[in-house]
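Residue-level listing of the chains:
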Amino acid sequence: MAARVVLVAAVVLASFAATVSAVAAPSPSDLEAEFVCPTCKTTLDQSDSPIARRMKQVIRDSLAEGKTEAQIRDQLVAQFGPAVVAEPPKKGFDLLAWLLPLGLLVAGALGVGVVAWGWSRRRDARDGEDEPPARLDPDLERRLDAELDRYDA
Amino acid sequence: MSSDARPGRVQRVAQLAALIGVAALLGLLIWKVAFGRTTGAADELAEGKLVHAPAFTLDRLDRDGQLGMGDLKGKAVVVNFWASWCVPCRDEAPVLQKTYERYRDQGLVVLGVDVNDFRQDARRFMKRYGLTYPVVYDGKGSTVGKWGVRGFPETFFVDRTGKLVGERIEGAVDIERNRDAFQRGVALALGNTS
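Order-wise, the sequence lines are chains A and B.
Residue numbers for the first sequence follow numbering that gives the first Met the number 0, beginning at 0 and rising by one.
Residue numbers for the second sequence follow numbering that gives the first Met the number 0, beginning at 0 and rising by one.
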């Protein structure tokens, strides 16, 4: 029991340490996926244009100098403008780029839910209705009554 | 027809909304293809239209302050779009510098526009090739669309009234196919020929 507790604690601590280290120091390839080549408009990790190669070099040099991700971002935005960041900013009009897809997803899910609810209500209503009894032909009904009376007699 | 064969109101509204959405998107696509194309000054010049040089004001790299087309009224201007990482730009830099030195007294300015580049790389380039003509910095590429620039280097000619003259030169100005066009463009900008 004690050994199991120690093992679980060790695994948790190791995972925590890995997470902390990943957050503290991004790799060059992580950052290359976050910025866009200003001439070819693809992320740096997908571009081999001269300016993309130069930007990758600047990222590597900046990381080696101990600069943080935020400092590198500010540096590149100061040179090339906000469009150099692959993700749209989360403020102002650009917030729509984040909210619209989420909003459409939620609206779509709600719509599907409402339609499905409507279908199930109509099906329940149909199940609840009694079928009207089938009506016999009047002549046939009289003959049947006569036969049953003879039988009873 | 039995009641369960008729679509409910919610379903009809949903179907209508979906149709309207699709129609709107289709309409937007058609409009964008038919009317959304924006042409730069270079395209209009190639069509033979009379085009004024698109305005811009940008930070200078050769000194403090800003410079724009408006500051160069009355001058003949050779506008050269370049970047330090552009290989042909290195080949043509000496030609542009020599042109500036030769015709400066006649009122010609060579204006370099450094696009999608690092400031320090551009300054290093200017120092390396001994460029003394004014250079402005356009890291974001805001001038590219307005001028119709398709690549680097590209060179345009503006006469003293601010109109684009000659033809847009794509590639280094010193290569054989561009030499005549470059000299013609300089002459037209200066007003030395009709």
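Treat the hints as calculated values from the structure; they're not laboratory data.
Backbone N, C-alpha and C define an ideal beta-carbon position, used for all residues, glycine too.
Some clues are possibly wrong.
Derived DEER-like restraints, expressed as beta-carbon distance ranges [stated by the list, open to error]:
1) R142/A to V9/B: 27 to 35 Å
2) R176/B to G107/A: 20 to 28 Å
3) D70/B to G80/A: 51 to 59 Å
4) L25/B to G107/A: 16 to 24 Å
5) V21/B to A115/A: 55 to 63 Å
6) V86/B to G80/A: 53 to 61 Å
7) A96/A to K97/B: 20 to 28 Å
8) I29/B to D73/A: 37 to 45 Å
Using 20 Å as the maximum straight-line C-alpha spacing, the simulated PhoX-like pairs for lysine-lysine come out as follows [unchecked claim]:
9) K126/B to K145/B
10) K145/B to K31/B
11) K74/B to K162/B
12) K139/B to K55/A
13) K145/B to K40/A
14) K72/B to K162/B
15) K139/B to K48/B
16) K40/A to K55/A
17) K40/A to K139/B
Evaluation of the provided hints:
At roughly 50 Å, the beta carbons of R142/A and V9/B sit outside the given window of 27 to 35 Å. One distance hint, 20 to 28 Å for the beta-carbon pair R176/B and G107/A, is violated here, with the actual separation near 56 Å. A beta carbon spacing of about 23 Å between D70/B and G80/A contradicts the range 51 to 59 Å that was offered as a hint. For the hinted restraint 16 to 24 Å between L25/B and G107/A, the CB-CB distance of approximately 19 Å keeps it satisfied.
At roughly 22 Å, the beta-carbon separation of V21/B and A115/A lies outside the given 55 to 63 Å, and the hint is violated. A beta carbon spacing of about 25 Å between V86/B and G80/A contradicts the range 53 to 61 Å that was offered as a hint. In this structure the hint that A96/A and K97/B lie 20 to 28 Å apart at CB is violated, the actual value being about 48 Å. With their beta carbons about 41 Å apart, I29/B and D73/A fall inside the hinted range of 37 to 45 Å.
At roughly 29 Å between alpha-carbon atoms, K126/B and K145/B are farther apart than 20 Å, so this suggested pair is violated. With a CA separation close to 18 Å, the supplied pair K145/B and K31/B stays within the 20 Å bound. For the suggested pair K74/B and K162/B, the alpha carbons sit about 11 Å apart, so the restraint of at most 20 Å is met. A C-alpha spacing of about 17 Å is found between K139/B and K55/A, which places the hinted pair at or below 20 Å, so the restraint holds.
Taken as a hint, the K145/B and K40/A pair is honoured in the structure, with Cα atoms around 18 Å apart against an allowance of 20 Å. At most 20 Å may separate the alpha-carbon atoms for a hinted pair to count; K72/B and K162/B meet this at roughly 10 Å. Taken as a hint, the K139/B and K48/B pair is broken in the structure, with Cα atoms around 28 Å apart against an allowance of 20 Å. Pair hint K40/A plus K55/A holds up; C-alpha atoms about 15 Å apart against a cutoff of 20 Å.
Taken as a hint, the K40/A and K139/B pair is honoured in the structure, with Cα atoms around 12 Å apart against an allowance of 20 Å.
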